[in-house]
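Based on the sequences and whatever the hints tell you, model everything.
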Amino acid sequence: MKLPIICPSCENALRVSQMKCDNCETEVNGNYDLPLYLKLSRDEQDFILEFFLSSGSIKEMAKQAGNSYPTMRNKMDDLIEKISELKKVK
Amino acid sequence: MNWQTFLNPFDKFSEKSIFIFGILAAIIGSYITFFCGATYDGLIEVHLNPETTFLIALKENSLHVVLVTVLLFVFGKIINKRTRFIDILNAGLLFRVPFYVMSLLMIFPFLQSIDDEIKKNPEAVGKLSFKPFDLVMIILITCFLIALLVYSITLLFNGFKTATNAKKPLHYVVFGVIILFAEILSRIILPLI
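Residue numbers (this note's numbering), protein chains in the order written: chain A, 1 to 90; chain B, 1001 to 1193.
Just so you know, these hints were derived from the structure itself, not from any lab.
One should not assume that every hint holds.
Derived BS3-like pairs (lysine-lysine); straight-line CA-CA distance at most 25 Å [stated by the list, open to error]:
#	chain 1	residue 1	chain 2	residue 2
1	B	K1081	B	K1016
2	B	K1161	B	K1081
3	B	K1016	B	K1161
4	B	K1167	A	K87
5	A	K75	A	K2
6	B	K1161	A	K59
7	B	K1167	A	K39
8	A	K63	B	K1012
9	B	K1167	A	K82
10	B	K1081	A	K63
11	A	K75	B	K1168
12	A	K75	A	K59
13	A	K75	B	K1167
Over 10 Å on every C-beta distance to chain A, these chain B residues come out as not near it, computed from the model [unchecked claim]:
#	residue
14	V1097
15	I1114
16	T1154
Computed footprint of chain A on chain B; a stretch qualifies when at least three of its residues, placed anywhere within it, have a C-beta under 8 Å from a C-beta of chain A [stated by the list, open to error]:
#	segment
17	1004-1013
18	1080-1092
19	1156-1166
Quick caveat, the model's predicted, so the values are computed rather than measured.
The beta-carbon is built from N, C-alpha and C at its ideal position, and this holds for glycine as well.
Printed below as a string of structure tokens:
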């Protein structure tokens, strides 16, 4: 199931308020910030995962995705910019 | 190939494929230009000139590719230091392809006869009369030529945008200024070489 990260009502970023152990059903309540990686969209998370799995080679990723190198590098640059902004806000 | 790829081939194809295609297109396009008796006496211009040789056509094409490539590469480096020369060069090479198609249109006999009439008496341009069929063909060819011109600028713009990741409106304005500047430069340089 897809983890929602944006409030469907006001479009603000969601926070973690409850976690549960599937084994003993212990529940932890609080007000936790989502990890930075989870604040990214599913596509962006997949992009980072693919980058990692291709040993950090944008060229290899571009080949696999059927895109050109500059298109992939632009995606990477946009993502770096977004993560830098998220880190600043944090 | 879908519309997106047709308008922005730089998104999908590798730099190597585009480069090989662009170089081959430049050589074949220069031959077409010579065969059709056309000339590129400006960056975004095509005219008839029966004295054009293959080498003149190749020289004009090369100058236009070099001009846009150098100017856009310098600007690309300013806005994004990761801009690669090959990506801008590919944009410059593909930008010329629609012009080769424009040259092909020049072989229509009635276009050549109109050109001869105008050359004979340039002041009587407004008094030229056309047969209805010729007029329809002129309108159709003009529309096609405009579409090709728009397509060539679109290719250059998309190539530049993909190579530099340019997003700001100011980047687009400077891009337009560079095209105009390259047009002026080509008109100054062409008679000198």
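Go check the segment 1156-1166 of chain B versus chain A for me, would you? Three or more residues, Cβ under 8 Å, otherwise it fails. Contact hint for the segment 1156-1166 of chain B vs chain A: holds, 3 residues under 8 Å.
Would the pair K63(A) and K1012(B) pass a check requiring their Cα atoms to be no farther apart than 25 Å? 10 Å, holds
For K1161(B) and K59(A), compute the direct alpha-carbon distance and say whether it is at most 25 Å. Between K1161(B) and K59(A) the Cα gap is close to 19 Å, so the pair holds against 25 Å.
Over 10 Å from every CB of chain A: does I1114(B) meet that, or does the non-interface label fail? For I1114(B), whose nearest Cβ neighbour in chain A is about 42 Å away, the distance exceeds 10 Å, so it holds.
Is the coverage entry for the segment 1004-1013 of chain B by chain A consistent with the three-residue Cβ rule at 8 Å? Holds, because 4 residues of the segment 1004-1013 of chain B bring their Cβ atoms closer than 8 Å to Cβ atoms of chain A.
Please work out if K75(A) and K1168(B) have their alpha carbons no farther apart than 25 Å. Measuring from Cα to Cα gives roughly 16 Å; hence the hint holds.
Holds or violated: are the alpha carbons of K1081(B) and K1016(B) at most 25 Å from each other? 21 Å, holds
Assertion that V1097(B) lies outside the chain A interface [Cβ separation over 10 Å]: With a cut-off of 10 Å, V1097(B) remains clear of chain A, as the shortest Cβ separation is near 17 Å.
Has the given pair, K1161(B) with K1081(B), been kept, meaning a C-alpha gap of at most 25 Å? 14 Å, holds
For a C-alpha distance cap of 25 Å, please report whether K75(A) and K2(A) respect it. Satisfied, since the Cα-Cα distance of roughly 22 Å is no more than 25 Å.
Under the criterion that the straight-line Cα-Cα distance not exceed 25 Å, is the pair K1016(B), K1161(B) satisfied? 18 Å, holds
Given the proposed pairing of K1167(B) with K82(A), does the C-alpha separation stay at or below 25 Å? 15 Å, holds
Every hint from the earlier list agrees with this structure, and none is contradicted.
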